[in-house]
Structure formats: structure tokens, C-alpha cells
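Letter by letter, the chains look like this.
2 protein chains.
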Amino acid sequence: MLKEQLDKIMRPKSVAVIGASTKPKTIGSEIMQRLRDYKFNGNIYPVNPKGGIIEGFQAYTSVAEIPGEVDLAVIVVNAKFVLDTIDQCHAKGIKGLCIITAGFKETGKEGAEAEKQLLAKVREYGMRCVGPNCLGVLNTNPEIRMDATFAESLPVAGDIGFVSQSGALGGGILNILKDLNLGFAQFISIGNQADVNAETALEYWENDDDVKQILLYMESIQNPANFRKLATRITKKKPILALKAGRSAAGASAASSHTGSLAGADKAADALLKQCGVIREFSLKNLFANAKAFSNCPIPKGNRVAIVTNSGGPGIMATDAVCESGMQMAKISDKTKEELRSFLPSAASVKNPIDMIASAPIEHYKQTLETVLKDPEVDMVAVIYLPFLGLKDIDVAKALMEIKAKNPEKPILGVFMTTSEFFTEISKMDVNMPFYMYAEEAAEAMARLDRQRKWMERPEGKMPVYDVDKAKAERIIKAAVADGRAQLTTLESIDVLDAYGIRACKYGLATNEEEVVNLGNSIGYPVVMKMTSKTTSHKTDVGGVRVNIQSEEQLRAEYQDLIAKLTEKGLIDGLEGVIIQEMVKGNREMVCGIATDPQYGPMMMFGLGGVFIETMKDVTFRIAPLTDVDADEMIKSVKAYELLKGARGTKPADMAQIQETLLRLSQMVNDFKFIDELDINPLLISEKTGEGIAVDGRIKVRVEEVKEYFGCGTECCSCSK
Amino acid sequence: MLKEQLDKIMRPKSVAVIGASTKPKTIGSEIMQRLRDYKFNGNIYPVNPKGGIIEGFQAYTSVAEIPGEVDLAVIVVNAKFVLDTIDQCHAKGIKGLCIITAGFKETGKEGAEAEKQLLAKVREYGMRCVGPNCLGVLNTNPEIRMDATFAESLPVAGDIGFVSQSGALGGGILNILKDLNLGFAQFISIGNQADVNAETALEYWENDDDVKQILLYMESIQNPANFRKLATRITKKKPILALKAGRSAAGASAASSHTGSLAGADKAADALLKQCGVIREFSLKNLFANAKAFSNCPIPKGNRVAIVTNSGGPGIMATDAVCESGMQMAKISDKTKEELRSFLPSAASVKNPIDMIASAPIEHYKQTLETVLKDPEVDMVAVIYLPFLGLKDIDVAKALMEIKAKNPEKPILGVFMTTSEFFTEISKMDVNMPFYMYAEEAAEAMARLDRQRKWMERPEGKMPVYDVDKAKAERIIKAAVADGRAQLTTLESIDVLDAYGIRACKYGLATNEEEVVNLGNSIGYPVVMKMTSKTTSHKTDVGGVRVNIQSEEQLRAEYQDLIAKLTEKGLIDGLEGVIIQEMVKGNREMVCGIATDPQYGPMMMFGLGGVFIETMKDVTFRIAPLTDVDADEMIKSVKAYELLKGARGTKPADMAQIQETLLRLSQMVNDFKFIDELDINPLLISEKTGEGIAVDGRIKVRVEEVKEYFGCGTECCSCSK
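For the record, the sequence lines run as chains A and B. The numbering of the first sequence is this note's numbering, which starts it at 1 and goes up by one. The numbering of the second sequence is this note's numbering, which starts it at 1 and goes up by one.
Rather than coming from a laboratory, the hints here were simulated on the basis of the structure. Do not take every clue at face value.
One copy or any two copies: either way a pair holds, since identical chains are not told apart in the list.
[As the list claims (entries may be wrong)] No farther apart than 25 Å at their CA atoms in a straight line, the calculated lysine to any residue pairs in the SDA-like style are these:
no. : residue 1 : residue 2
1   : K392      : S420
2   : K23       : I362
3   : K639      : T620
4   : K472      : F710
5   : K639      : S325
Chain A with its partners taken away, still in its complex shape (with noise of 0.2 Å):
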């Protein structure tokens, strides 16, 4: 349905040219020389009131007139005539469009509305659109050849498939791929985005074998939940590179007046790229260096990289970027080391990084590589050449693709430290191996090979649903709620937690000194008291924090102190008492919650909490809910983990324990979306038992979705239902 849909854009027949024009250097000239120069493999029909020959065409003077059958209509006319084109179209039974024209959200509250409009039409029409704003769309396919963008220049075929929300970035990249040996199997540029966006054309290009890969160049993510649920599913079979932009708040406050669109919260986008196996670019250079690889190289089997050199320095730069982009030096076994050392000069260093020395003629490149290549420890190779007298760089290039022919299943790449002018011949070549020039860029793009092979392996993960007593969430959370509150008490928040299942540590509520002696007396002595109050929530800060009180008499005295500090203070009235709680013993804080990202929904998080939380700021975000792969990963990726394995002689930590809480807490959250924030922090890591301890918690919502969920408003909000 949606194939069917996307191939009236991208695999046309037939492109309507509507706002084709003579002038020069206008868009509605440059598109149709591209249509014409790229050799459209179908029909070109150039439309403008003035008709007459376009760039060679027969131009028509309405769209009605067209004689055959127009599978896309490309829309240049100015913004105030696109409505009544779109309904031209319908008329002449065009169902695909792609709309150059600007002028509509990105130019504020007048074009938004134009360009709601737009997207009504589209809607009731059956048709799907591409823009507007943007620069047009591209698919190199031999059978379609079909380039209806205004790019300065024509594309080279490839197998990327690339989404740009930034058209004149497109335009850009246009030019930067012809020098990459990069070419795009099908572009497009969404611009606005009305209707197709980045899934639409992820969904298009999952079962399409033009597209071996996806990039994608984005500002926002329009539907988070969406695009995770189609990139989860693609990536498994091919990768997705992405460059998300606006990162700072900076960057991120220029992105929304640029496209109008929100852009989410960076934190919130990482998580989720990470969570469906989309590889995070951080800037063009590197996407494109990265596809190179992806292209140019079979996934391998493992990260154990061998470094073939005829030089020690570049050797050791490559061995220092291997390693410190994650992946292994390969131990090159014996035999191979001897086989190696049968033809290599004595000088030569048949260890890892193998230096075959700078007198390396040919030969010794491709007996060497073949041989390392055999070597069953070894996954990825990569080969550098630095000038050495008489040898020149194009002749060990395709002396290594040759190699590579015969060796197709492990990567192979080049690090050629050599002119540009290799660079420029190689990029006219049909290469089977990616070059580069500095070994650095190399260890990356091995690095992203082998985090695609990891991705590839990992299970889908389950997302578990726990017995929990959510009748009774309900309760206390609706209570709260008609009291007034967004904020739950501490007391409210543990009794909340409780009833999800997750370990809290044993309590209860005082609110006079009778009653505080005698629940530290119930509960047993070390105890903790802690102020619970409706007004103060930062409770530490006040001093309404006493810990290890061991004795009725000290815990007297505290309470006392604490009601005498607080009356001073002026912050006596919001007191609802003090909760005596169990004293876990631990020094491991962890600290685990929940957060709204405004675009992305709640947010996950872990890490190691107590006083370190924002200085030391060791914790990780996934959207939630959460897979239990998702929440072993969440554990596993915060530097406290080496806490949670045991330091030092103490107990390692429950860590099925801690992954159901955040599953629990994922239900949770899955359960009431309302769910604004919340925080266990400190989770006590317990000394004796290595249990996660909830021993503080704090939860808010949003009481007007509170309101929505239980079907009423605050007046009958103490009604039982």
C-alpha cells in the first residue's frame, strides 16, 4: 500500500513539471535540465500558462491539457497558486507529489495554516506529498534515472538511501558525495515535512534492495514511538546513519525557528537512536566517512582488527585509534607470523601492527594482506601506505582490491596518506574497499562496522508485565490529585512504588513523638526519619534528614530538634510528619526514574545517584517502556556498574533485582502516561543483600491528564470511582 503510494514519486513513470519555466538559473528551469540530463527514463511534461518548448519538452499550458497519464506531479509554482494545483492534480488523477514551493510553516502562523490546507487535500485526495520546501527528490536506479531536484550537481548511483529535513543541505551533499565514491541509490528531501517525513521513507526503503543503507539528516523526529518501532525492525536488516542536529540548547533553540518544527530535547533523541540501532553521527564528515565503510564492506564476525603497514608511526597512530574506539589489536597466530616472516626483510614487525618497513614493494603488500587475511583471529584489516620511493599509491590500491575481490567476506580498508590527487582518481573508480586518508578515520568506521555487527546479534528483548497492585496506585494517586496536588508526598511516592512491586525499605508515618518512638521501636534500631511535607520537597536542604539514629532516646531528641528547626524556618505548616524508616546499610546510591521529554514521552533513566548526580553525572536515558534488553543495557552502560559488579570485597549487587525495578517502573509509567517525574534516589544498594532499595521517592503528574484517566474533574474527585 504504502510501496504502492511511494513508487508514484519515486519510481514514476511519468513527472509533471507544473511552474516549469525558461528563465534561467529559476528552480522550474534547473529541475527540468535535471530531469533532461539525467535522462528521466519516461515522460516529461513541462507545465506553464505561456506553453511553448521547456528545455527541449513540449510545455502545456494547464495540467488538464497533458496528454498521457502523470504519476508525480513536481509543484514550483509560487505558494499562493499550490492549493489550486493540488486540485488540478486531483482533476488529472495525480496521486504523487513533491512541492518545491516555500512559503508555508517555515514562515509562520499564515503559512502554517496554508500548509494545513495543503496536507487536507492531500488527505482527501488519496495522494501523498513530498514537501514543501524542500529541494526535490532522486532515484538512480538505471530503470527510473530520475533527478527532480535543483542540486547544482547531477547525482552519482550508489546504495544510500538518504532523507534530508535540510533541502539546502541536500543540495551540498550532492556535491560532497561525487568526491567520496558515495552515491545515493534514492534521496529525499522532506522540507516540511507535511505528510511524507523520515518513517515514511524508512517504512518505503525497509523491503527495497536499491537502498543497502539509510541516512538520515534530521532536526526533529516527528513520531518518536513510530520511528522506533520501524528502526528497530530495519536496522536488523540494514544500517541506518543518522545526523540529528541541534544538540546544544543553542543549536536546538536555531532548529525551531528554522523549520518550526519542535525539536526534542537532545538527551531524550540519543536514547531513543541508541534503542533501535540507529548509528548516531555527530557530523557530516563522519556520516559520510561511515557510509563509505558501510558500503564498501561486509558486516564482519568480530572486532579483532589487524593493521598492515609500511610505516611504524601511522602504525601506532592506528593502533591507538583501534583501541580506543573499543575494538581488539587481533593476536596474529604463529603460523601466520611465520608465513609472514618467510618473505618479509628481518627489519620487518610480524606483531600487530604488522610493519612490513618503508622499502615494501607490492608483492609484500598483497602476500601480506592475503596471509593476514587466512588468519582465523583476525576480523578487519586495515592497510596503510605512506609514499616510499618508486611506489606509487594507485598501483597498491588496486593491488589491494584485487586481493579484496578474491576475499570478500572480512572488511578490508585502505589508509592512504598520500595527495588528493589519489583521492580524486580513485573517486572515478568502481572501488570494492573504502579508502581513506588517515588511519583515525579508519578505526571509526571499523568501529561502526563492528557496533552494526553487535546490533545485528542482539536480541529483540521482552517486555516483561508484572502482577502489580495498580488498584491501588490508582487510589493514592487520584487522592492526591483531588487534594490539590501534582507532587506526591515522599509517603504517597513509596506507598505508589510499593504497590508496583518494587522494594522499598520498611516504614511508617508519625506525626507526634509518641508515635515516632514507637514505630522506631516497632521497625528496629539503626532508623532513619524523614521529614514528609507537602510544600518542601527538596528535603535535605533543610535538614529534614536524620540518619542512623540508634536509639529511642536519640530519636526523641532528633524529632525534637527537627520541629524546632522547621518552626524556625517559617516551614512547619506544609509538615504532615515524619516517616521512620528502616536503616538500609550501603554505600552504593544508585538512583533511578522517570522523566518527560515534551516530544518524546517519558524518558527512563539510571545511574549512580545519593550527592553525585548532577556533579558526576554517570547516568543513562532510554524512552520508555523498556525491553528487558533495554534495562540491562541501561545498568551495564553507566561507569557505576564497576560499583554494582563489587569493588573492593563488597557484595555485588542484585542486578535481576535492580532490572525488574526498572521494568516495574517502565509498566509503571506505561500504566499512567500522566506520570510527570520521579525519582528513587537514593536505590540503596543493601550491603547485606546486594537488593536495590527504594529508601526515598518522589513522584509528580500532570493533573490534568490525572483528571482525563479517571473520567472526571477535581469536584468529584473524592468520588470512589
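Dock chain B against the given chain A, drawing on the hints supplied.
Chain B only, in chain A's frame:
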């Protein structure tokens, strides 16, 4: 003196090539060709036993036969003839040598021996020598024009002084630079650096106006202390950029097998470079990209960047990169905005990034750049160009350079996302600003310029000398060594710290229960009890630390329990007793200490302590001795600094006192070079006073050096000397 000596090598009036050859593709032939083709401004004397004409020059059968005076002898004869050749050079009165010949230290023991003899001769004859095992030397000054290398390409003249420890790499670099609009003033391939090394070059270039920036490729630093002294001084005048390879353990091991030099630990190298203002680069690509900025930009007055673009997407990416590189996006003044609005179209954005939109003609580029440069809120400008209909990249570049010529005082960087043809064209032009293809490269380069600014503004710092009880510290250490121990006990360690005026908490040693109780009562509760043992250094692991002891009864019980546990574990024999310490309240545990690197000597460490030290690795290193500025930077450079500043109502730490602690430690290790390791962990930040208090300490010494220090062996170490 050094200038005079090195001038013989780097600014010779005559060069003899000993081992010159007519055989093509030999080094003896290539060197002659380079000297000739680059038009050396002096006499060239090839020396070859066969005489004849070599590359158009009369060859001499021996050095003695050369008619004129010779400043520099380039030696390319077989290794076995090198020593004799040096003798002949001496006989001829030659003072400058460049020994290309390989086959010395890098080949093993025998070669190292030959190199030792080589150096002895050089010293004896009062010569200076580059190499052996190198690519040669180069000076592009029009008065010199010496290319005495065998690199493939002739050099491009420029303002860079380059030292390479890898010969082949030097050759590759000469190729690459041509494409980058970068040129060398001088180049020294130091090879095995028997005599001339990076430090020699630094000193030689310090006051050489041809050399405006110094680039280093190093695998090791020969004399760290000397390097530090020189670089600290020179970086205040001109930037030094260094690529130090061998960062990873695997890379370092490759490095030491490569040049036969011992690669120092990377942490030490990193600390050293940081301390002396050297800009460390992690890839050749970055080294050159950033050198391009130093070649073409003044040092900015601040870090506020304006971005001018004709495309929104790249503007956002540039903004991200600027913020992530630690600079600020300039706040464009209202006046500038107004001026921009007067000529830019209404769809343009005059906020930073300033988006002139895709249709911007050259005039807008010029006017916008000029307007923005006038804004006092702007320190640097990056101008982005993406191809657009009818706008030629090279024309835009020329227009920008015109503006730059009129505005030399602020750095202007071009980001041209266009074809490689543009960069080829630019590389042939005389430019006055750097051009990059990607925004991230420009941002990084600006960050480097800004870093150089900060370094030049940074005060030099002082090394205060504190009044300490050195004699007491000596007595304690001497006694421990006399007792056969390299590791001081906790008690001894704390006493040494105390002798150096480092604030340690009140304590005493007790060896039986009564002493324990007496001490506890006199210090006052709560106290901490710690075992002190000659055999067990990690006390925590065996339960040897008991905190928060509240009363005499509890103290008694804990002591009895400890003794029982140690007896059970068989650890009771090493026990010297227990230390009873005042319990300092505070939850901020820092660490500081000293570690010794085999090459770089004593290093100071500071950072987050306690259980987090190994997990969070939030520590920083500097080479000792420290200046007050070094100490200050150490404290501010760790994440935990945020904790020290006081967060959530905790008291700010006493920074001056912590700085003094570091400086006192530095003084200690300067006095006692035999200290191998010293740990203060934790340096607890008192909740009450904000002071850093040494709660625990460990000192380890190198016994042999201690004996040397005291001028006596073990036998007499009970003497009072």
C-alpha cells in the same frame, strides 16, 4: 651558541652529500635531486668514491677532496661506514651532520652500541647531528631553499616548524600539506634523535621569526623536565601543537618496539603537555586542520563566535559544534541586528546563527560579514557557504578574503560545503583565512585559537616554599627503611604528612584495649578506629576500618571484634595496633597523591576519592613540581569541583587550603624524590570548616634511592646522620 650550531644544519651555506649516487631511486640519488630541484642557495658537493657527475654536480671521491668549506654533511652511506665518515667530516672541519642512514638503535643491541659510539664522536668533535635513521632536514626560507630529504614531493613554503620522530610519516606529511594550503618553514626528521631531538628544535625555533608555529609528532619525550621548561616559555610566544602517539597500551608497546625508545605512560605525557601549554592533537587530520587556523588567524580576544550562513541546517550543526567545543555563541547586538535587517530579506534570521537564506548573493555575504565583524560582542566569525543557483564558491571565497584583508584583527573561518575542486583551487591561491569543508572542523579550530588565547593570558604561577619539618619526615622514612620496609605504615604516613603541614585529623596509636579506650576518651567521640599493619595495606578489604564509634562501650566492642576477626583470618601477626582518630564529619571524599612514572618522574593526582576513585576515574594528573596555577587548575578541572563548590546546602570547600595541600605535597616530593607512591584517600572535606583533612595516608618509597639520599646502606641506617 645553539643557534650557531644548528644554523650549520638548518641554514648551511654548503652541503656535502656523502654517499650521493647516480643510481635512480636510491636515497643518495633522491637527496641530490631534491637539493637541486628545490634550488638550494649554496654549494652542493656530492661525495662518491667513483667521482664523476651526480645530478649535474661534480662529485668528489672523498670528503677531504671537497674544495670549499662545508657546513652540513648529509650522510647516506651504509651504516658500517658512518663512524669513519664522521671522522672524515671532522678532519674537514664540518660541524653539522644529518645522518639519514638507518641500522642503529632501532635494530637492537649492536645498533645501539654503534649509536653510542656515533654520539661520542659527535660530542668529542663538537658537532651537532640530526638522525641517524631519518628522512632529512628542510628549510624553505628563500635565502636558504634547502630540501635535504628524500620525500616524494618538493615542499611548500610556510610558517610551520615541524619535528617528526617518524621519517616515513614526515614524507607522507609533505605530500598531504600541499593540499591543505599549509607549508613548512623548517622540518627536522629527528629519527633516532641521538643528538638533536624535539627539545633542541624547540629551543632553536624559539626566536626564529620564520617559524610562527611548531608542530611535533612524537612517540616519546626524551627529557620531560627540559621539554617542560622550554615549552612553557615558547608557548607564550607561539603555539605548539603536538601529536603524541602510543596512547593505548597496545600503541605504546608498538611505539617502543618501533624506535627503541621507552614510551612513557600516556597520562604523564598528557599532563606534561597540558602544563606547558602545548595543544595536544589526537590525529594528523586535526593537527593540520588546526595548524591551518593558526597560520591564517590572529589570536582572538575572546570566545564569542558568530556564524553567518546561507543554509539553516549547517548553521545548526555549527552551533552544536561551537557549544560542544566550549565556546559561546555571540549575542548579536541590537544595533547589528538592525543593520542586518536593513539589507537582508525578511525571511533571513539575524539572530546568531545568522541565516541569510539560500538566495544570498555575494553582496550579502560581504555586507553581513563586515557588519558582524564590527560588533564588539563578536570575537570570531565562521562563514558557511552551500552551493546555490548562480553563486560560485570561489567567488564567495574571494569576497570573504577581501573583507578579511580589511579586517585583520578577528579570526574569520570559511566553511565551504562544496566540491574538492574548490579546495584544489584554493590550495593554489595565496589565502588569508582558513577554509574547511565541515562546520565541526572550523569549530574545533576556533576552540584551539581560543585555547591559545587563554594560555597566553594565564599567569605563569609560583612555586611557594612552605616552612616544614623536613627533618622529622626524614627521621620517619629513614626508620621505616632501616626496618626493611618500602611501605610506610598508616601511622608513619600520617606523621610524614603532618611534618609537611598537611592537615590530618587528630589521632593516636593504641596497642591494647586500655590504650584504645584512653585515646578514644581523650580525642572525644565519635571516633574512627583503623588497624595499622606492616603486612596489610588495603585495610578496608579485611574489615580493618570502623567508623562512627559513639562511646567507650562501643569502642571496646569494636576493638574486641577486630582482634577476633584478624586472628581468624591469620592476619594478626602484622598488626602494629589500631589508630584512634577524630571522626571528621563530611560526605565529600577527595583523593590526592603522588605516582611515579618511569619516564616522566613524579606525578601529582587530585580528584574524587573514596569508593569512587577507580570507578569514576574523576581524577587529574600533573607533573611535579606544581605551580600554584597548576594546583588551582587541577582542582577546577575535575567534575567533583562542583561538589567542592558546595551543592544543595553543603559548605563550600576551603579551596585555598586544598590548593596548599597539593603544593605542600609537591614540595615534599621535590624534597624526597624517592617517594614512589603517596595516597591521601580520603582527603575528607570537613562539613564544619570546609577544610580538606587527610583521614588516611599511604606512602611508599624506593628503598635504594632512600639509602642513596641518606648516603648510607642498610647496615648503618640506625645511625643518627
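Tested hints:
no. : hint        : in the structure
1   : K392 x S420 : both (14 Å within a copy, 22 Å between copies)
2   : K23 x I362  : between (55 Å within a copy, 21 Å between copies)
3   : K639 x T620 : both (10 Å within a copy, 17 Å between copies)
4   : K472 x F710 : within (14 Å within a copy, 76 Å between copies)
5   : K639 x S325 : both (17 Å within a copy, 23 Å between copies)
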